[in-house]
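Chains as they are written, first to last, in the numbering used here: chain A, 1416 to 1653; chain B, 1416 to 1653.
Keep in mind that a hint or two might mislead.
If several chains are the same, the list does not tell them apart, and a pair holds so long as it fits within one copy or across any two.
Unchecked claim - Only pairs whose alpha carbons sit at most 20 Å apart, straight line, appear in this in silico EDC-like list of lysine to aspartate or glutamate:
hint, residue 1, residue 2
1, Lys1583, Asp1509
2, Lys1583, Asp1640
3, Lys1583, Asp1484
4, Lys1583, Asp1550
5, Lys1569, Glu1489
Hints listed in this document are in silico derivations from the structure and should not be mistaken for laboratory results. In this text the structure is predicted, and so the values were computed from the model without any measurement.
Protein chains: 2
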Amino acid sequence: MSAPVEVLVFDVFGTVVDWRGSLIRQLAGHLAPYSIEVDAGAFADAWRALYQPSMEAVRSGARPWTPLDTLYRESLDHVLDRFGLDRVPLAVRDEINLIWHRLDGWPDAAVGLAELRRHGFCCALSNGNLRLMADVARHAGLVWDQILGAEWSKAYKPQPQVYLDAAKAFLVPPERVLMVAAHNSDLEAAQALGLQTAFVRRPTEHGPTQTTDLEPTGTWGWVVDDLHGLAHSLAVAT
Amino acid sequence: MSAPVEVLVFDVFGTVVDWRGSLIRQLAGHLAPYSIEVDAGAFADAWRALYQPSMEAVRSGARPWTPLDTLYRESLDHVLDRFGLDRVPLAVRDEINLIWHRLDGWPDAAVGLAELRRHGFCCALSNGNLRLMADVARHAGLVWDQILGAEWSKAYKPQPQVYLDAAKAFLVPPERVLMVAAHNSDLEAAQALGLQTAFVRRPTEHGPTQTTDLEPTGTWGWVVDDLHGLAHSLAVAT
Chain A
1416 MSAPVEVLVF DVFGTVVDWR GSLIRQLAGH LAPYSIEVDA GAFADAWRAL YQPSMEAVRS
1476 GARPWTPLDT LYRESLDHVL DRFGLDRVPL AVRDEINLIW HRLDGWPDAA VGLAELRRHG
1536 FCCALSNGNL RLMADVARHA GLVWDQILGA EWSKAYKPQP QVYLDAAKAF LVPPERVLMV
1596 AAHNSDLEAA QALGLQTAFV RRPTEHGPTQ TTDLEPTGTW GWVVDDLHGL AHSLAVAT
Chain B
1416 MSAPVEVLVF DVFGTVVDWR GSLIRQLAGH LAPYSIEVDA GAFADAWRAL YQPSMEAVRS
1476 GARPWTPLDT LYRESLDHVL DRFGLDRVPL AVRDEINLIW HRLDGWPDAA VGLAELRRHG
1536 FCCALSNGNL RLMADVARHA GLVWDQILGA EWSKAYKPQP QVYLDAAKAF LVPPERVLMV
1596 AAHNSDLEAA QALGLQTAFV RRPTEHGPTQ TTDLEPTGTW GWVVDDLHGL AHSLAVAT
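Just chain A, same shape as in the assembly (with noise of 0.2 Å):
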């Protein structure tokens, strides 16, 4: 029988906004006026990519803790390269990295956690700091309780201090503490640490021909297709 859950904390890229589908719908109004033809999910994709390296040199202790506008802003400039548009302006860089300000959520994400509220505390636990995840909470229509995470701690997932400061700042044991993530690797961290864990299925978060992340590859407490699906297990579990 698992402890009560007090507290959950959410994956929020892939698992509750749609940070691709959101990039490339975006992107293509940037990017007109310097391309004839940029294949946006391809940018988007290669953007994305840079992701787990940029914070790599963070987590190692290389470079002091850097909230993620900066890397994503740095990692923006090298792809911008790559697809030939070095042309691009400085000013029109600094908006389009503000797209990751502005990331739709799943169709289901405004209200199921709106009903996971019901069950707890509701916290985003993302690498975004904390302007970013503000923006986005507005912009998607999500109400947390508070926004923990990389900006907290000054520290990236899956470094531990991200889930236990999330336990320790709401003043309970990391079993009453559910991680709710669309990947794999998140949840690994979280339940070696104590946590309790459910998996949101998000299947085209990387696109039709995603491959990974499809199914749970670990033991997880809860399996669900979206957020109204955890609320609703949840409440039956109650």
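Given the structure of chain A, go ahead and fit chain B onto it with the hints provided.
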């Protein structure tokens, strides 16, 4: 002409919630089994009188950062002794300390805050720790964009970093942050750092015979009677 406000930060104890009335209403039930007659108002005032001194040890650096829950709990022991209530058991003392987590909002608080969220990000900037503030938010129906303040900054107002960290987290200069408080001293500290200021009259925070903070003592940007009044003033100004 002032800069547009992007972020509103709120003192909470006294400005948004009626801590004294809430303590008085809830203390009686806890103390009844141990006391024939305790003046709940005097008890609340004695407890709160230890608030500033207890934080001073942290501000001075004599003590590492310690959450307000702990400081209140320590102060409670002193107050119980002083009121001849040393027979109150530990478990009951812990329960009494949690009254601070169930403070009622002033009548205008929940709706006024919702109105103010149309004008910018609205964040708690309290000396209360995160869990305390999160519980109060749920209890009083307050929706914050983020709980900043003491635990975010690991410092206590009026230490400068508490105010400056709010601007930093939201990636705006201090003049785009509006400090909302019923206490002139809080606004003085904020104004000295470049924040905008709004004074909310709460003439009964300290009970019917209050003598302090009845009127503004500085040149504040706004002076209002409640949060509705501030929302109205901001709407007129834009």
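Going through the earlier hints one by one, which of them does the structure break, listed in rising order? Checked against the structure, the only hint that fails is number 2, while the rest are satisfied.
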